[in-house]
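So the protein sequences, as listed, match chains A and B.
Under this note's numbering, the first sequence has 9 at position 9, and the numbering climbs by one with no breaks.
To convert, count from 1 in the second sequence and add 116; that's this note's numbering.
Simulated from the structure, these hints should not be mistaken for lab results.
Please note: incorrect hints may appear among the correct ones.
Said to hold, decoys possible - Listed next, the in silico DSSO-like pairs over lysine-lysine satisfying Cα-Cα at most 30 angstroms (straight line):
(1) A:K42 - A:K103
(2) A:K103 - B:K171
(3) B:K157 - A:K103
(4) A:K103 - B:K136
(5) A:K1 - B:K171
(6) B:K130 - B:K157
(7) A:K42 - B:K171
(8) A:K68 - B:K182
Below are the chains, spelled out letter by letter.
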Amino acid sequence: KQEVTQIPAALSVPEGENLVLNCSFTDSAIYNLQWFRQDPGKGLTSLLLIQSSQREQTSGRLNASLDKSSGRSTLYIAASQPGDSATYLCAVLLLIGGTSYGKLTFGQGTILTVHP
Amino acid sequence: GAVVSQHPSWVICKSGTSVKIECRSLDFQATTMFWYRQFPKQSLMLMATSNEGSKATYEQGVEKDKFLINHASLTLSTLTVTSAHPEDSSFYICSAPPPELAAFIYTDTQYFGPGTRLTVL
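Between the sequences and the hints, there should be enough to build the whole structure, so can you do that?
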């Protein structure tokens, strides 16, 4: 059974800091890994998707890396801003035989607070 | 871009009643939809996979008779929480895979709805 763990559970930093969120997974046979942002009481916003054959993806101040063999991914946020405050979730997709879309397994999230 | 909506966004009900939550794909057809549950400060847990025109596939530990799923059309899936109890209070989120293969491969494996907050008194 796939298990996804995120460290730290919570993080509070002053504005402007660069920070790293960690995600690990137990089954390396993933199709891809995705990082999401969730604001309180809201749905999910996709941030970055890394295919299993890729090592990293970048979008603006966000950079996500993937080491599939070791079962690890990191999300790097540069020059953090108060607007970055949210819960960050990583999820891995396993393709299941007989289905077209596979199954997403989520980590428990990292609650990020960036204070001015 | 593709949008998934949910209705209602929040609902409060009395213990023992049934509550129906709708999930709609607004500008695309979805033969498959997913239902997740999220307890406070916890992650999303997949409850079931909804398939248009056939029975839903439930994850281990999810009671089929309590969480009834109906995928009546290519744009609508419903989740009915029957005989709701306070422990069913949670945030329920649905999702659907994007219609474009390129989106599935490169940007989004699933489009998520905004969620429904269920509180059972």
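Exercise. Holds or violated: K68 of chain A with K182 of chain B, Cα cutoff 30 angstroms?
Worked result: Distance of about 38 angstroms is beyond 30 angstroms: violated.
Exercise. Is the straight-line distance between the alpha-carbon of K130 of chain B and that of K157 of chain B 30 angstroms or less?
Worked result: It holds: about 24 angstroms lies between the C-alpha atoms, which stays within 30 angstroms.
Exercise. CA of K157 of chain B to CA of K103 of chain A, is that 30 angstroms or under?
Worked result: 22 angstroms, holds
For this session: Assess, step by step, whether the Cα of K42 of chain A is no farther than 30 angstroms from the Cα of K171 of chain B, and give holds or violated.
Result: Within the cut-off at roughly 28 angstroms; holds.
Exercise. Straight-line Cα separation of K42 of chain A and K103 of chain A no greater than 30 angstroms?
Worked result: With Cα atoms ~21 angstroms apart, K42 of chain A and K103 of chain A stay inside 30 angstroms; holds.
Exercise. Quick one, are K103 of chain A and K171 of chain B close enough, alpha carbons at most 30 angstroms?
Worked result: Holds - the C-alpha atoms of K171 of chain B and K103 of chain A are around 17 angstroms apart, at most 30 angstroms.
Problem set entry | Pairwise hint evaluation, K171 of chain B against K1 of chain A, where the allowed Cα distance is 30 angstroms at most | Measuring from Cα to Cα gives roughly 24 angstroms; hence the hint holds.
Exercise. Is the straight-line distance between the alpha-carbon of K103 of chain A and that of K136 of chain B 30 angstroms or less?
Worked result: Cα-Cα ~24 angstroms, so holds.
Comparing the model with each numbered hint stated earlier shows that hint 8 is the single one that does not hold.
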